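Visitor: The primary structure of each chain is shown beneath.
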Amino acid sequence: MRLEDYNPLEDRSFSILDPDGEIINEKDMPDFTDEELLYLYKTMLYTRIIDEKALSYQRQGRMLTYAPNTGQEAAQVGSAYAMKEEDWLVPAFRELGAWLVKGVPLKNIYLYWYGNEWGSYMPEGVRVLPISIPIASQLQHAAGIGMANNIKGEKSVAVGYVGDGGTSEGDFHEALNFAAVFKAPVVFFIQNNQYAISTPRSIQTMSKNLALKAVAYNMPGILVDGNDLFAVYVATKEAIERARNGEGPSLIEAYTYRLGAHTTSDDPTKYREDEEVEKWKNKDPILRFKKYLKKKGILTDEWEEKTIEELEKEVMETFESIENKSDTEIDDIFKYHYETMPPHLEEQLNEYKAFLEGGK
Amino acid sequence: MANTLNIVQAINQALMEEMENDETVVVYGEDVGLEGGVFRATVDLQKKFGKERVFDSPLAESAIAGTAVGMAINGLKPVVEMQFSGFVYPAFNQIISHIARMRNRSRGRYNLPMVIRTPYGGGIRALEHHSESLEAVFAHIPGLKVVIPSTPYDAKGLLIAAIRDPDPVLFWEPKRIYRAFKQEVPEGAYEIPIGKAKILQEGDDITIVTWGAMVRDVQKAVDLIKDEGIRPEIIDLRTISPMDRDSFVESVKKTGRILVVHEAPKSFGTGAEIISIVNEKAFLYLEAPPTRLTGFDTTFPLPRGEKHYIPSPERIAKTIVDVVRY
Chain W
5 MRLEDYNPLE
15 DRSFSILDPD
25 GEIINEKDMP
35 DFTDEELLYL
45 YKTMLYTRII
55 DEKALSYQRQ
65 GRMLTYAPNT
75 GQEAAQVGSA
85 YAMKEEDWLV
95 PAFRELGAWL
105 VKGVPLKNIY
115 LYWYGNEWGS
125 YMPEGVRVLP
135 ISIPIASQLQ
145 HAAGIGMANN
155 IKGEKSVAVG
165 YVGDGGTSEG
175 DFHEALNFAA
185 VFKAPVVFFI
195 QNNQYAISTP
205 RSIQTMSKNL
215 ALKAVAYNMP
225 GILVDGNDLF
235 AVYVATKEAI
245 ERARNGEGPS
255 LIEAYTYRLG
265 AHTTSDDPTK
275 YREDEEVEKW
285 KNKDPILRFK
295 KYLKKKGILT
305 DEWEEKTIEE
315 LEKEVMETFE
325 SIENKSDTEI
335 DDIFKYHYET
345 MPPHLEEQLN
355 EYKAFLEGGK
Chain V
16 MANTLNIVQA
26 INQALMEEME
36 NDETVVVYGE
46 DVGLEGGVFR
56 ATVDLQKKFG
66 KERVFDSPLA
76 ESAIAGTAVG
86 MAINGLKPVV
96 EMQFSGFVYP
106 AFNQIISHIA
116 RMRNRSRGRY
126 NLPMVIRTPY
136 GGGIRALEHH
146 SESLEAVFAH
156 IPGLKVVIPS
166 TPYDAKGLLI
176 AAIRDPDPVL
186 FWEPKRIYRA
196 FKQEVPEGAY
206 EIPIGKAKIL
216 QEGDDITIVT
226 WGAMVRDVQK
236 AVDLIKDEGI
246 RPEIIDLRTI
256 SPMDRDSFVE
266 SVKKTGRILV
276 VHEAPKSFGT
286 GAEIISIVNE
296 KAFLYLEAPP
306 TRLTGFDTTF
316 PLPRGEKHYI
326 PSPERIAKTI
336 VDVVRY
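Taken in sequence, the protein lines are chains W and V.
Each position in the first sequence, counted from 1, maps to that position plus 4 in this note's numbering.
Each position in the second sequence, counted from 1, maps to that position plus 15 in this note's numbering.
These aren't lab readings, by the way, just hints derived from the structure by calculation.
Derived BS3-like pairs: lysine-lysine, alpha-carbon spacing no greater than 25 angstroms straight-line:
(1) W/Lys156 - V/Lys63
(2) W/Lys357 - V/Lys296
(3) W/Lys339 - W/Lys111
(4) V/Lys62 - W/Lys156
(5) V/Lys66 - W/Lys159
(6) W/Lys187 - V/Lys62
(7) W/Lys187 - V/Lys66
(8) V/Lys63 - W/Lys187
(9) W/Lys339 - V/Lys211
Predicted model only: the values in this text are computed from it and were never measured.
Next comes chain V alone, as it looks inside the complex (with noise of 0.2 angstroms):
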């Protein structure tokens, strides 16, 4: 059985079978209970499960995280719900000094099998604090893991895979194409390994790499420039980190040109990270340079001008033949 369903609807039927399937899960966070979350990703699962593994928790981040270690120390697997990415800094204290570091610390005494999820990523005309992209901060971090899903189908399998992952993996749900469009979704369980890319498209001209919505920007961008020529492959990372370092090195050492593409700000980025193993790895197959295509170093402007922030497919597609015309 499959059901067509969008990526909000993909990650509520990830939570709904994994909280049937183990009993061990629990889900909370702010308004995520009665409410079923701002972004209605956890409806209905207090109906379902109860209020005792399913619940609106005060609000401070910090202790959402904080509380969460202590769970996953007494046998529990808590997915906590951050209400936005931006509000998340209140509790980068315990994800850096506690949930990246217990396992090392305790030499593999604790383990913390937890998820935090929370949307991240602009062009959805919000508030301030609620458009960022700073993944890259997370995954500088030994201990963690990143995950980015860009559709339903791999919004359910990653969700799924985090879940049942011993160690603590956030989950970036890219929100501006949270209902953008369906996809058909498998009932029942299945995992989507964590760390492994995908290539959405094959192609030997440019290896573009890319993650959450900016995927579909790129793949726009490639339909306005078919008539060029030029064949793109396009890799969907999925996982900041652990990075599937394979992907794109093997892609680049075909097509002897990379493109990096996103929403984050420019420097000290994944962007950054990607090129330099792609210099140390496929230096010599290069036939271009290497190219970041980002938002900006700046702060994400409020709604008025987000537009220029986020690259858009005309600006890809641009900067592809740009690359690939070297």
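Excised from the complex, chain W in its bound form (with noise of 0.2 angstroms):
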């Protein structure tokens, strides 16, 4: 496929894999191994069962805020799987699928819902961004990237993620632009899950879509089903190959839907009917993925019943490796604000040791 094919005006989606797990588009289907199909799904698995757990954790009190991605695996899983080890994945705070693709441990994920900045020390190699919250501005991070990648002629890409509500923040047009102006490698990924909050997607814009805002920036837009994974993986790697070649930025909308609430702090029966989130159900992205598995005979009840217990036991291990184990050490408050700590940090540390060690 050829991503200016897809005219984002004309607010038609792309996608491959349909609801019952049947191929609509073989001529796009992508060439995946049955080693990789089952990867992308043991990833995607993963993905939820982190999510479920962390979720009962935190309804325990184990765990802090947490911001859950079911129903996005598809989007998250798809989009990272087409980048290569040396691209960028710049992050907003919900793509835990694609973060686990790239490279980044359950640890460093865990610890950082935890409470502890050490989750945002990325392993050497991993080139993962930490999470940025405040809506869009990540997008400029990875413009910045993809401008220095032209300086300095190199060839990775920065894929840069935000969701429906920060399409309407000004960074998000302000990173567009820049990207566009100077041929920046960059692919702005939209996971479009129709919610900011309690604050729906027609709230957001009057645009038919929101593919449709690259237009404006003369870079290719296309609407995508977020939750076709090989949907996702074949457009985003177009558009990667295609900054990779030297054509400049893309954006994706994936259209998609968070089944959870925003944050374990948000309750959604607020602001949304059941009915809506039943229908979204049986999009489910897993759900689909499965039956087409299933109907080629690449999965089996056994194999899938085993990968979930190895993936529950390795998350539950994984958590018990750093719960109550992970409080901030003091020193590392103040150590990592200048390379070198400036004296008035210096003095702070030493009298707040002071007066932990009883005033000496």
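Got two chains here, separate frames each, mind docking them using the hints?
Guide: Now the structure itself:
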């Protein structure tokens, strides 16, 4: 497929796999091996299990505020699978599946949500930026990474994530504009999950869809079924390769749905009907992928049971490895503001330590 | 070799030399490329280093700051210009939410070697939003460094130090004295350490702490009262944050008096911070109330009123005498 063939002004969605697990667009179907298909399925399951466990720990008072991903696994896993190791992932805060694909260890992820900055200390070589909470601000970092690649003559691509609400922010537009003007190798990836906390997509913009915002910046924009991993992968892959070949940025809108709450502090029953949620449950990205794999005879019940069991064990062990062992070291609060700690910080640190030691 | 340069020329030379020394240094902002900046601080850089490394950006301060974050993470040292400090506010979110925090947030995985240069301060009969001195606003944010030179020699050395600094530096340039005077500036790179004040004149009757364009006004004030028998110690702070606290604390221990002179509004300002430190560290040495002489807590007036806003040498002189004779 070519991104340019999907004019976002036509409001036509790109899809390959329908909710029944049928391939409705053979010609664009990616050529995955069985191993790859199982890896993608397993990573979506992993994402969901991490979510479910986190929510349950949170309810038990063992985890802090957590932003769940349920329902958006295909958008996250499919987009990140199109990235190469050297590509940069610039997240907002709801991209769990993408982080896993890019190699962020679960320990980091849980540490972050557990309330310790070391969660954002990415392993060497994992080109993932820390979570960015101020909405859409991170897209400018993606644009800057891309601009730097052009200056340095490097071939890596930055993929910046944002939600539907983020497209109303000035930073979203400034980032697209800069990337376009400087022909930066960037892919802007919108997870349109229909809600910015309680505010529905209809209040964010009068645009028919979000992908068409690309038109003003003269870059390709494509609306994709965000619960269809194949479509997400193919569109992102195309956008990334285009960027890598020096053809500039693109905008992808993955049309999906947040089946859970905004965060554990949110109660979505206040602002949406159960009926709507039920309708989207039928489009569950994991369910349709499973139907496809079953039909193809790639997935067995035995494999799935064993995999879920292993993943659950891993998730629980990881959480237990950090639980009650992850209080912040006092020095760490002070140490990382500057390369060298200035005297006033040193003084505050020492005064506090002296207090803790009993006023010595 | 040394040349006689004004502050703008010294800044230009610092950029020229650092771009020559380090190919990861890039310069961009509004009108900085072809035109060389509205104050000509980046003149000829594009000619010398090309459009890849020196370029005009779209008019969007938030993106100028925000893309610099991405560039710094990806191995470059961006030195971006905000055309006037009064226009930096759209970039506030990037500066406070990301630039100040990236090292701490990532526990040192990502640091940001970047500089934001901007002309600040009043006294040039400019339009609204072209005259403010809000260095304290930025100095309040953990994770930032705020530097203000007052001479061509310091401007060059401090800017080179800022570019080489592994952490983000806000480099606020006192535009009132951009071309006010020239000074011998050596060719070739040299650094003036960030976080170190400079004693411009030694004395033991009163410590006067100031920075930026007010340095010259303080010197003029001291000259006005040279026959009064007062020996002031003048300290040019040079870095607002992190502040060289020892410089004025040690001085006050000798003089027993302190006057802070700044152009910025009085309340919640840098002067308040300096005086608090003096109270904490040298309280028993004080012989007079620590005093601030500053801009008013008002909006900076349009040009027909600005002469009232910026403390004049005459007002500074009177205040020095008042504090010493308290």
